[in-house]
Amino acid sequence: MAARRVDALLLTDSNGLLCGILTDKDITTRVVAQDLNLEETPVSKVMTRNPLFVLSDTLAVEALQKMVQGKFRHLPVVENGEVIALLDIAKCLYDAIARMERAAEKGKAIAAAVEGVEKNWGTSTTGPNTFIETLREQMFKPSLSTIISENSKIVTVAPTDTVSTAAKKMLESRSSSAIVTVESKPRGILTSKDILMRVIAQNHSSDSTPVEKVMTPNPECATVDTPIVDALHTMHDGKFLHLPVVDRDGSVVAVVDVIHITHAAVATVILLELLMRLQLL
1 MAARRVDALL
11 LTDSNGLLCG
21 ILTDKDITTR
31 VVAQDLNLEE
41 TPVSKVMTRN
51 PLFVLSDTLA
61 VEALQKMVQG
71 KFRHLPVVEN
81 GEVIALLDIA
91 KCLYDAIARM
101 ERAAEKGKAI
111 AAAVEGVEKN
121 WGTSTTGPNT
131 FIETLREQMF
141 KPSLSTIISE
151 NSKIVTVAPT
161 DTVSTAAKKM
171 LESRSSSAIV
181 TVESKPRGIL
191 TSKDILMRVI
201 AQNHSSDSTP
211 VEKVMTPNPE
221 CATVDTPIVD
231 ALHTMHDGKF
241 LHLPVVDRDG
251 SVVAVVDVIH
261 ITHAAVATVI
271 LLELLMRLQL
281 L
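When we follow full-length UniProt numbering, the leftmost residue of the sequence shown carries the number 1, and every step to the right adds one.
Check each hint, because a few of them may be wrong.
[Stated by the list, open to error] Listed below are the simulated EDC-like cross-link pairs for lysine to aspartate or glutamate, each with C-alpha atoms no more than 16 Å apart in a straight line: (1) K71 - E82; (2) K213 - D249; (3) K185 - D88; (4) K169 - E62; (5) K66 - D35; (6) K141 - D249; (7) K91 - E62; (8) K141 - D225; (9) K168 - D26; (10) K91 - D257.
[Unchecked claim] With beta-carbon atoms standing in for the labels, derived distance ranges: (11) I270 - L17: 31 to 39 Å; (12) Q202 - T156: 22 to 30 Å; (13) T160 - D247: 39 to 47 Å.
No lab work stands behind these hints: they were computed from the structure. Since the model is a prediction, treat every value here as computed from it, not as a measurement. Quick reminder that beta carbons are idealized off the backbone N, C-alpha and C, glycines included.
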């Protein structure tokens, strides 16, 4: 996996049929966090068995929805019983961005129509809390604050914590990343892919390697007011899968990953398409 710079591997049985998938998250949470010996642990013990797959003629949007609904990043593609490809949700980000931006344009049309109705009713639209502004902000260009819960779970570690400690915390929270903080301010991020590529592949010990040695320092962050579509652009352009979210004081309040944010984008598009079918546009 490290040699080919991939974060997922498909497993087939003696008949060449798909039987499992092994990802960087599996290695982090099922091997490193469990203190298993990499040299002695068979793949069959830690892989995800019988993964969901799609056929080669499946529409891209259907494949994207399957990944979002199942909350997994990778989706095998099968043709005539044989695996021919592996979809990565990160590769689908561009499609999610395009669909959400088209939805935003449709949203402007809805807002304009409602604004016309308000004018006919003689209702003022100049105030900051008008119905029109609420529509535009919450429905057509929602911010990250709309998908972040107040009690959002964040895995945080200190720069001097070991990779093993970070992996155990990630397992406990079922997360694929940990934010490295100093006084609640982000100083770095450690992901399951970092652990695979920078620790395991380099033969470093997870028990003695400090997080600061293998983390990505000074990660790009979003704020709670960042529009979801802008966050999608940031992740797509930067080619990363996790985006720390900070408050107005610069303290970390959440982390959104590629699945979480793509889910939000797809939900927005579905809502607007529903409105169109109901002839509200």
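Going down the list of hints, with the structure as the test:
| no. | hint | verdict |
| --- | --- | --- |
| 1 | K71 - E82 | 24 Å, violated |
| 2 | K213 - D249 | 27 Å, violated |
| 3 | K185 - D88 | 31 Å, violated |
| 4 | K169 - E62 | 33 Å, violated |
| 5 | K66 - D35 | 32 Å, violated |
| 6 | K141 - D249 | 24 Å, violated |
| 7 | K91 - E62 | 14 Å, holds |
| 8 | K141 - D225 | 11 Å, holds |
| 9 | K168 - D26 | 12 Å, holds |
| 10 | K91 - D257 | 14 Å, holds |
| 11 | I270 - L17: 31 to 39 Å | 34 Å, holds |
| 12 | Q202 - T156: 22 to 30 Å | 24 Å, holds |
| 13 | T160 - D247: 39 to 47 Å | 25 Å, violated |
Of the numbered hints listed earlier, those contradicted by the structure are 1, 2, 3, 4, 5, 6, 13.
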